[in-house]
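Line by line, the protein sequences give chains A and B.
Position 244 of the first sequence, counted from 1, bears residue number 244 in the numbering used here, the numbering being contiguous throughout.
Position 489 of the second sequence, counted from 1, bears residue number 489 in the numbering used here, the numbering being contiguous throughout.
Check each hint, because a few of them may be wrong.
Said to hold, decoys possible - Here are the computed lysine-lysine pairs in the DSS-like style, where the Cα-Cα straight-line distance is at most 25 Å: (1) K480/B to K526/B; (2) K481/A to K401/A; (3) K526/A to K481/A; (4) K74/B to K65/A; (5) K403/A to K481/A; (6) K152/A to K152/B; (7) K401/A to K482/A; (8) K309/B to K340/B; (9) K366/B to K255/B; (10) K403/B to K526/B; (11) K401/B to K480/B; (12) K65/A to K65/B; (13) K481/A to K466/A; (14) K526/B to K526/A; (15) K74/A to K65/B.
These are calculated hints, taken from the structure and not from any lab test.
Number of protein chains: 2
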Amino acid sequence: MTYDQATTREVLDGVKASGRTALNAAEAKRVAGAYHIPTPREGLATSAEEVVRLANDIGYPVVMKIESPDILHKTDAGCVLRDVIDAPAAEAAYHSIRDNARSYDADATISGMQVQQQLPASQEVIVGAATDPAFGKLVAFGLGGVLVEVLKDVTFRLAPTSHEQAAGMLDDIAGSAVLNGVRGAPPVDRNALASLIENVSALVTDFPEISEMDLNPVFVSAEGVAAVDVRILCSFEPLVPRYRPSHDDILSAMKRIMQPDAVAVIGASAQDGKIGNSVMRNLIDGGYAGDLYPIHPKADVILDRQCYKSVVDVPGSIDIAIFCIPARFVAEVIAECGQKKIAGAILIPSGFAEVGEHALQDEIVKVARESNVRLMGPNIYGFYYTHQNLCATFCTPYNEKGKVALSSQSGGVGMAIIGFSRSAKMGVSAIVGLGNKSDIDEDDLLTFFEQDPNTEVIAMHVEDLKDGRAFAEVAERVSKKKPIVMLKAGRTSTGAKAAKSHTGALAGDDRVYDAVLRQCGVIRAKSLNDMLEFARGLQVLPTPKGENVVILTGAGGSGVLLADACVDNDLSLMTMPDDLDAAFKAFIPPFGASGNPVDITGGEPPSTYRSTIDLALNDERVHALILGYWHTIITPPMVFAELLGEAVIEARAKGIDKCVVASLVGDVEIEQACEYLLDRKILAYPYTAEKPVEVLGAKYRWARAAGLL
Amino acid sequence: MTYDQATTREVLDGVKASGRTALNAAEAKRVAGAYHIPTPREGLATSAEEVVRLANDIGYPVVMKIESPDILHKTDAGCVLRDVIDAPAAEAAYHSIRDNARSYDADATISGMQVQQQLPASQEVIVGAATDPAFGKLVAFGLGGVLVEVLKDVTFRLAPTSHEQAAGMLDDIAGSAVLNGVRGAPPVDRNALASLIENVSALVTDFPEISEMDLNPVFVSAEGVAAVDVRILCSFEPLVPRYRPSHDDILSAMKRIMQPDAVAVIGASAQDGKIGNSVMRNLIDGGYAGDLYPIHPKADVILDRQCYKSVVDVPGSIDIAIFCIPARFVAEVIAECGQKKIAGAILIPSGFAEVGEHALQDEIVKVARESNVRLMGPNIYGFYYTHQNLCATFCTPYNEKGKVALSSQSGGVGMAIIGFSRSAKMGVSAIVGLGNKSDIDEDDLLTFFEQDPNTEVIAMHVEDLKDGRAFAEVAERVSKKKPIVMLKAGRTSTGAKAAKSHTGALAGDDRVYDAVLRQCGVIRAKSLNDMLEFARGLQVLPTPKGENVVILTGAGGSGVLLADACVDNDLSLMTMPDDLDAAFKAFIPPFGASGNPVDITGGEPPSTYRSTIDLALNDERVHALILGYWHTIITPPMVFAELLGEAVIEARAKGIDKCVVASLVGDVEIEQACEYLLDRKILAYPYTAEKPVEVLGAKYRWARAAGLL
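Could you put together the complete structure from these sequences and hints?
Rendered as C-alpha cells:
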C-alpha cells in the first residue's frame, strides 16, 4: 500500500504552524484520504438547486441535515431527513427542513444544508490509535455505539500492524460474532475493515506526532467501510529516544552478569546481620566456585577471603559487583566498575526513585552509561543463578536447580517465589530481583534466557514495563521457543487521564497489556499463585501435539467439574470416535458413561483405571489426558498414584509423552499421592478440579500462540 | 396495580381453541394492553385520507410502512419513511411509498399503509419471560439490539417480581450505565421500565400457560417506555404440581433424620469389605451413642449388637434406616419403614435413575410418599452429623466437629470435602450426600440447618436443583441468617433448546442460576476449591460492620497485588482520614507509603507491625484488615504470626472483632506461621495474595445480601 505522505505532512505542518493540536474536520478528511481511509461523500449546499446537484453527484439515497450553530438537537427540530431517494425528494426535503428550522427557531443562523451519502444498513465500529506510555503507538478496534462504549469491548495491537494482525483483531472482541452477520444480516467486509485498521496503523507510525485518533463511528457492511467521523490529535513535543543497546551487546553483558566467573562484593562485611555479610555468606555457603573478591576500605580479610580497597585493585578480571553500600556512595563505585570493565552492578541498596530520590537514580544511570556498566536494580534482593551455584543476594541460599527462570519487581514476590519453589519442588534456573529497573529490565533478561540451555520456562512479575515496545519485540520472538508467564500487577489505569479521544483514554489501561501480551504469545497469569503454578506446570508438561483432550474419571461429579474447567480454559473435549468409545466401554461397567468425560464409575478396581489410562495414552488421537480420581477403598490413593505413574513412565519409554494432569479428591492420603505423582513429573493436585485444568490450559495457550498447534 | 385478567383469559382461550400456541400480533397487543404494557400507537390505512386521519390521531411524528406480503425488504424498496412530521408530509409520504412499491414490484399485493407513532430517540432494551426447568417462571431484562444478543448481557428474576426487584435488575447488567444516560443523553425513565418488567412478571404468574414472552425491542427514553414488538408463546399442557410438604413437616422429619435417637442398618453385615459392615463399623467407631439396630434376615448378632429380621421386629422406635442392600429390594423395605414410622431412609445403593433405571426410582418414591418416609439418595455415600457422633456412611469415620454443614450431589466431591476439611482443619457439623435426590434435596437440608445451633455456614455442591423455586424461597430466608455457599457444576445449558423466543432460549442457562442465586443471597463459588475455602473462611470471619478495608503490608509489591484483588472482589479500600494517615506515618519510615495500602516497608522490626496493626484494629472507622506479610530476617514468619495473633486476641478481649485476613509470602516457614494463625481463627494463606481477599470478598457479598451492611 502506498500512502500520500506529502499531503499528510503538509496538513500536519499547517496544524503545527497555527499552534493547534487538533485537526479540523476538513484536515482530518484530507489525511484520511491520503491514507486510504474511506469516508462518506458529502458536501454543503446553500440552495435547493445546489442540494440537488450535490445529491446527484453523491448518489442516492442521501441524508440531509441543517447546518446551523443555533440548532443543536437537529433531529428533534425535524432538521434531519434520511432516505432521500431522488432529486424531487431532495428538493422537497430542502424546503421541508428549512421550514422546520424556521418554526423551531425563527432567528437561527442557517449556514446551509449538509448533504451526505447515506451508507447502507451496517454495523457501527470504532477504530482508533493511541500512544501508550509503555508500548508507544497502538491501534484499537471495537464495536461502536453507546453500548460498547459502556461495555468497553475493545482490543489493541502494536502499530504498525500487518493486514493479517489487523484481521485477527476482528476476532478478538467479545462481540465479534456481530461481524459475521447475525439475525440474517450478511457478514461484513472483513478485508476492507482490516485494511482500514492497517492504514490507521501506518499513519500513526509514519507520523509519530499523531498522538490520538478516533474513527467513530466507522460504518461497516457487506459492501465496505466508511469512517463517518475522523478525529485526529497531535503532540508536537519532541520524543526522547529510549536507550536501546544492540542485541549482541545486551547478550554479551547479560551472559557475564548471569554466569559470572568472578564476583566482587562492594561493602563486604565480617559483621553478622550486615547485608554485606549475608551476601558473602550466601555466595560461599551456596557453593559459588568462581573468584570472589570482598571490597572494603579497611579490612584485609573477610570470611577468609582477601579483601581489596576498590575493584580497581583486584588483580584478575571481574564480571559483576554486588553493591551492599548506602545509596549515596553508589555512583562513584560504578565509575570504578567501569574502569575495571565490570559488566554489571547488582544494586541491592534502596534510597533511590522508590523513595522519591529521582535525581540520585538519574545520576547512577548516567555514570553507568558513561562507564559501560549495566545496572540491576537498585532496591532489589539480588539474584540467583542456580546452575552456577550463585546466590548473589542477602536472602537465604537456594539451590533447588530446575528449568524455570523467574523475575520479580518486588522483594515480597521474590520471597514468595523462593518459598513456593522450595515447598512445591519447582526447581529454578534463576530468580532475579529487578526492583526500580533503572537499567536492566525484562527484555534484557529474556534475551539471556532465550539462549540459556538451563532455562525452559520464564515467569515474570511486573508492575510496569519501562519499555513495553522493546519487551514486546523480544517476547514475541522468545515466546515461540520458551513459554513466558507474566503476572502484571496494578490493574488500575496509569494511562493518559487527560486524553481527548476515546481511544486515547484507553492508553495505559490494563486491557492494553492484555491485548499486547496476547499478541506476543505471553501467558498472562491472573494471580500470584497462578504464576507460580503455571511456572511449575509448564515446565513439567510436554508440548501437546493436538487439541484433543480426554477426561477420565472415577467420579461423575468430578467429571462435570473438570468439563466445566475445560470450557473455562478453552480446551476442546475430544469427540469420541466410535471405535475408541467401544474400546473404553469394554472396560467400564454398563452404567458408566462413555463419551467424554469417560466415567469409569467409583467402585472400580485398579485394573480398570490402568486399562483405560493405557488406552488413552496409546491412542494417537488423544493428545492430553485429564484424570479425575476419587478416593475409594478398592483403589486407594497410593495405588492409583503408582498405577498412573507406571502407565505414564511405560508410555514415555515408548516415546509417547502426552500431557497428563490429575485432580485427586479424597481423604488426606491424596496429598501424598499427589507428591508421588509430581516426583514423576505428572501434575497432580488435591482438593481442586480446576487447578490442573488451568495449568493444562496455559500450556495449550502457549503452544497455540507459538504456532505449535 | 390491577390487571384486566378477563380480557387476557379470553385471548388465551381463543388461542387454545384455535389449536395454536403462538399469539398473533393483535392478540399479543391486547394482552399487553390488559397488563399495562405500553406499545406504540398504530393502525392500518388504505387511502391517503385515512392515513392522514390516523396520523392526526396518533400524533406526529409518525413512521409509515407499506403493508405487503410481497415486499420483504421494505427499507431497501423505499417503502419505509420516518420523521413524517405533519399532515401534508403524511399525504406526500403515502404517495411516495406507493410509487416506490410499484416501481419495486408492479405486481405486489398491497394491503395498506401502516402508520405508527414514532418514538423519541431512545435506548433499545429487551424484556422477556421464560419457564425455566428448575425455577419456573422468570422475567428477563437486557440491553437490546444485535450487539447485546451477541454479548448476552441479560439478567433474570423469579416471577412474580416486585417493583423494587425489577428496578434492581436495571443495575444488574454490565451495560447498565447506558440507562443512566451517556454522551449527554438524559437518563431513561427507570420507573416506567421497572413497571413494565413487573407487569410482565404478573402476567406470566397469573397465566402459567404463557411459557415464553419477548418484548423486543422495548424503546425506553426519558419520556417512558414502549414495547415495539410483543411475542407471546403458550404451552397448554397441564403442569404436574411439585411435591411440597409443609415447612413443619419437613422440619420435624429432618430433625429426626439428622439427629436420630435410633438407627437401623438394613443389610448390616459382619463381613469385612461389605458396605453393611463399613456402615456398622463407622457408626460404632464414630461413637454414636443412640440405639443401633442391625437388620439382617438370618444373623442374630452383628458386631455385638442384637440383630433383627426386619425393622418392624425392633421393639423401640427408630428414626432412620440406612440401606445397604441391592436396589431391587429397596421398595419393600421402605414400606416396612413406613409401618415402623421411620422418618427417613438413607439410600446408599446405586442402580436407580443414574443408570437409567427411572422406573425403579419412581417406584421407591411412590412407596415412600405412601409410607410417609423421606428418602435421602439413592446413590450416596450417606451422611455425617458430627455433633451426634453420627457417621451414617460407608466412608471413613470423621469427627472434626465444627460449624460448617456441607452437602454434595457427587460422592467424589463428598470425599474432597472430607479430605480438605481434615487437612485444612475446617471442622464440620454435617456432610450430606444427596446423590440422585429422589426426595430430600437442598431445601430440606436448608430448612434443618436454618435452626440447627451447630451450623453457622452452609456449603452445597449442586449439579441440578430439582425444585429451584422451592430452593430459592428457602435460601432467600436462610441466607439472611447463615451464609450459603454454592458450587453449581455443569456450565453448559440444560435448558429448552427448542425455545422459540430469545428469552426462552436462555432458560436453564447458567446465567439464570447466577442471577437467581444472587437474588437469594447465595454466595456462588466458581470452583471446588473456592467452595471449600469459602466454607472454612466464612465461618472464621466475623460479620463486618462496614465497608472500609485497609491493607497493611511490609512489601509494596504485595500491596499492589492485594489492591488488585480488592478491585476484583468488590472491596472498598478506605479513603484514609488525615488523622489516621498521620498516625500510621508516625510508625513507618519516611519513605514508606501511607494512604491505603499502608506500606510499612520491608526492613521493619516486629514493633512496627504490631503498632500499625493495633492502630487499625482499634480505629472504629476501619472495618476489615488485610495484611501482606513479607518474610525478613528482622521480622521472621513465626514472630509475625505471634504478634498478629496477640494483637487480634487482645482486641477480641476488648470486644473488637474485625475481619482480619493475611497473605504471607516468604520461605517455607510461612506455612507454619499460617497454621499458627489459623488455629487462632485468623485466616492466613501462604504464596497467594488473592485467596485471603477472595474469602473476605465472599463474606462481604454475604453480609451485603443479608442486609447487614
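* Of all the hints given earlier, name the ones this structure violates by number, lowest first. => none
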